[in-house]
Amino acid sequence: SQQGEEDPQALSIQEGENATMNCSYKTSINNLQWYRQNSGRGLVHLILIRSNEREKHSGRLRVTLDTSKKSSSLLITASRAADTASYFCATVLASGFQKLVFGTGTRLLVSP
Amino acid sequence: SQTIHQWPATLVQPVGSPLSLECTVEGTSNPNLYWYRQAAGRGLQLLFYSVGIGQISSEVPQNLSASRPQDRQFILSSKKLLLSDSGFYLCAWSGRVGYGYTFGSGTRLTVV
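So the protein lines, in turn, are chains A and B. To convert a position in the first sequence, counted from 1, into our numbering, add 473. To convert a position in the second sequence, counted from 1, into our numbering, add 2.
Same shape as in the complex, but just chain A (with noise of 0.2 Å):
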């Protein structure tokens, strides 16, 4: 079963602008973590905040995590039409072996 959910399932926005995703889900965790993944390509690791962070930055993309509301966002400024791909949150559980478990994806596209 899905452990994650990302809201909305699909953002479409110009250049320029800044893209915010959304994630929730229903168990504690150890950390989240964003990956991104281009048409028909395998997922590439963007980011991982642990359960005791509240935010991280690297480079454009800025991630909250709100371990009370089990949720967690991901915020990418001024995007660029290279940034068109799906996203995904992905959760390892605080117990048991440490599976990554994905949430649905949000399908972003950047128009130029």
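Keep in mind that a hint or two might mislead.
[Claimed, not checked] Stretch-level coverage of chain B by chain A, calculated; a stretch enters the list once three of its residues show a Cβ under 8 Å from a Cβ in chain A:
| id | segment |
| --- | --- |
| 1 | 18-29 |
| 2 | 33-44 |
[As the list claims (entries may be wrong)] Calculated pairs, DSBU-like style, for lysine-lysine (alpha carbon to alpha carbon, straight line, at most 30 Å):
| id | chain 1 | residue 1 | chain 2 | residue 2 |
| --- | --- | --- | --- | --- |
| 3 | A | 572 | B | 81 |
| 4 | A | 499 | A | 542 |
| 5 | A | 499 | B | 82 |
| 6 | A | 529 | A | 543 |
Simulated from the structure, these hints should not be mistaken for lab results. All values reported here derive from a predicted model rather than from experimental measurement. Note that the Cβ used here is the ideal one computed from N, Cα and C, for glycine as well.
Following the hints, position chain B against chain A.
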């Protein structure tokens, strides 16, 4: 540096035929290895994971099996493919808890 190889990239197989997908990792030892499947437009479903040679854990009962004959080799197999086995299969590896996964480029399997 660590690399992951997955092949073939594309495969069309008739119903009832066998399947063997291979994944190898270079540049690391004793990795955790994973097989995921992605249906069209959907998130990733964990199929199998392995923490060591000969150690396989199955997440979803199905028509598939996995084996790890060597430390850095992970194989996904089926004796008789079903139409429902069609999808995009991704291999991944991870190190210690708290680090992201590295994914292979994927195999698109179409069962006809």
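Below or equal to 30 Å on CA atoms is what counts here, so check residue 499 (chain A) against residue 82 (chain B). With Cα atoms ~36 Å apart, residue 499 (chain A) and residue 82 (chain B) exceed 30 Å; violated.
Verify the proposed pairing of residue 572 (chain A) with residue 81 (chain B), using a straight-line Cα cut of 30 Å. holds, 26 Å
Given the hint that residue 499 (chain A) pairs with residue 542 (chain A), test it: the Cα-Cα distance must not exceed 30 Å. holds, 10 Å
Can the segment 18-29 of chain B be counted as covered by chain A under the rule of three residues or more with Cβ-Cβ separation shorter than 8 Å? Since three or more residues must qualify, the claim that chain A covers the segment 18-29 of chain B is violated, with 0 doing so at under 8 Å.
Between residue 529 (chain A) and residue 543 (chain A), does the CA-CA distance stay at or below 30 Å? Judged against 30 Å, a Cα distance of about 16 Å means the pair holds.
Can you confirm whether chain A covers the segment 33-44 of chain B, using C-beta to C-beta distances below 8 Å and requiring at least three such residues? Per the Cβ count (4), the hint holds.
Hints 1, 5 from the earlier list are contradicted by this structure; the remaining hints agree with it.
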